[in-house]
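Asker: Throw the hints in and build the complete structure from the sequences for me.
Offset between the sequence shown (1-based) and our numbering: plus 602.
If you are wondering where the hints come from, they were derived from the structure by calculation, not from laboratory data. Keep in mind that a hint or two might mislead.
Said to hold, decoys possible - Calculated lysine to aspartate or glutamate pairs in the EDC-like style (CA-CA distance at most 16 Å, straight line):
#1 Lys623 x Glu677
#2 Lys623 x Glu675
#3 Lys635 x Glu677
Just so you know, these numbers come straight off a predicted model, no measurement behind them.
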Amino acid sequence: MRAAFLLGGAGIYAVAAMVYKALGSSDLKPLTKFRNLWDVCAPINFLECGSDELFVGRAGYLCAALVLKQKLEIEVRKIVITQI
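Answerer: In structure tokens form, the structure reads like this:
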């Protein structure tokens with residue numbers, strides 16, 4: 603649940619980063635915390651209920667990364683998913 607977009611940290615950190623930017627703050631804590639969530643959702647099957655689910659899975663994290671790229675014009679992190 604930590605990496606969830608709508609129900610967890612990814613959405614909160616993404617919104618916080620956009621609010622900080624709108625207020626003119628240069629604090630990067632929300633972006634750093636957002637980036638650190640990738641380590642949680644990088645494994646292929648990190649959730650039993652579906653790792654690519656929007657509300658709690660990897661898709662939510664990727665959605666937040668896309669929003670940050672569009673709104674803040676920054677690349678959050680190169681994301682590479684490989685299946686062995």
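Asker: Would you mind marking each hint as holding or not holding in the structure?
Answerer: Against the structure, the hints:
1. A C-alpha spacing of about 15 Å is found between Lys623 and Glu677, which places the hinted pair at or below 16 Å, so the restraint holds.
2. With a C-alpha separation of about 11 Å, the suggested pairing of Lys623 with Glu675 holds against the 16 Å cut-off.
3. For the given pair, Lys635 sits about 15 Å from Glu677 by alpha-carbon distance, which is consistent with the 16 Å threshold.
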